[in-house]
Amino acid sequence: LILDKYFKKIGLSGKSIIPMIVGSGCAIPGVMATRTIENDHERKITTILTPFVPCGAKLPIIALFSVVFFPQSSWVGPSMYIIAIGVIIIGGLLLKRIFVLESSTDFFLELPEYKIPSIKRAFTQMVDKAKGFVYKATTIIIVMNTLVWLMQAFDWSFQPVADQTNSILASFGGVLEPIF
Numbered sequence: 001l002i003l004d005k006y007f008k009k010i011g012l013s014g015k016s017i018i019p020m021i022v023g024s025g026c027a028i029p030g031v032m033a034t035r036t037i038e039n040d041h042e043r044k045i046t047t048i049l050t051p052f053v054p055c056g057a058k059l060p061i062i063a064l065f066s067v068v069f070f071p072q073s074s075w076v077g078p079s080m081y082i083i084a085i086g087v088i089i090i091g092g093l094l095l096k097r098i099f100v101l102e103s104s105t106d107f108f109l110e111l112p113e114y115k116i117p118s119i120k121r122a123f124t125q126m127v128d129k130a131k132g133f134v135y136k137a138t139t140i141i142i143v144m145n146t147l148v149w150l151m152q153a154f155d156w157s158f159q160p161v162a163d164q165t166n167s168i169l170a171s172f173g174g175v176l177e178p179i180f
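With our numbering, letter number 24 in the sequence shown gets 24, and the count goes up by one each step, no holes.
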């Protein structure tokens with residue numbers, strides 16, 4: 001409902017904000033998220049406009065173009081973001097006239113009842129999660145340390161080595177040495 005009245009001005013409902021937000025991360029999932037919009041015209045307009053939302057993949061391209069073509073103008077990159085938002089608004093106004101909407105759908109999102117968690121329960125869950133993490137991490141660390149120690153202390157015939165250059169670990173290191 002927060003953005004519903006603004007989106008209605010460009011022929012969309014508040015449901016279009018979700019694909020637009022998803023599209024700010026990547027346009028493809030943003031376009032796929034338009035499937036949740038029931039109204040066919042709103043879905044088409046949102047599908048057309050979502051790729052214009054500046055996303056993380058477009059940031060390096062915008063930065064590169066602004067530096068290459070306008071090296072002394074640091075304002076060009078941020079201006080391109082603002083222009084993209086302007087294109088979305090103008091495009092929405094134009095598409096609103098092309099796709100004449102019979103009726104617009106209102107956006108209502110039911111929120112669950114929120115409650116403040118009890119400190120005791122939150123602390124108990126935190127301690128349980130921390131214990132689980134320490135148990136898993138300790139198990140992996142002990143097993144891997146033991147394995148590395150065994151590989152360092154023995155040769156391929158499982159005899160203790162006095163010189164560690166003859167150990168199993170050293171032979172693995174010799175194989176991997178050219179790579180690094």
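Since the hints were derived computationally from the structure, they do not count as laboratory data.
One or more of the hints may lead you astray.
As the list claims (entries may be wrong) - Calculated lysine to any residue pairs in the SDA-like style (CA-CA distance at most 20 Å, straight line):
{"id": "1", "residue 1": "LYS9", "residue 2": "LYS58"}
{"id": "2", "residue 1": "LYS58", "residue 2": "ILE88"}
{"id": "3", "residue 1": "LYS44", "residue 2": "SER66"}
{"id": "4", "residue 1": "LYS96", "residue 2": "LYS136"}
{"id": "5", "residue 1": "LYS58", "residue 2": "ALA84"}
{"id": "6", "residue 1": "LYS136", "residue 2": "THR146"}
{"id": "7", "residue 1": "LYS8", "residue 2": "ILE28"}
Unsatisfied constraints (hint numbers, rising): As far as the earlier hints go, 1, 3, 4 and 7 are violated by this structure, in ascending order.
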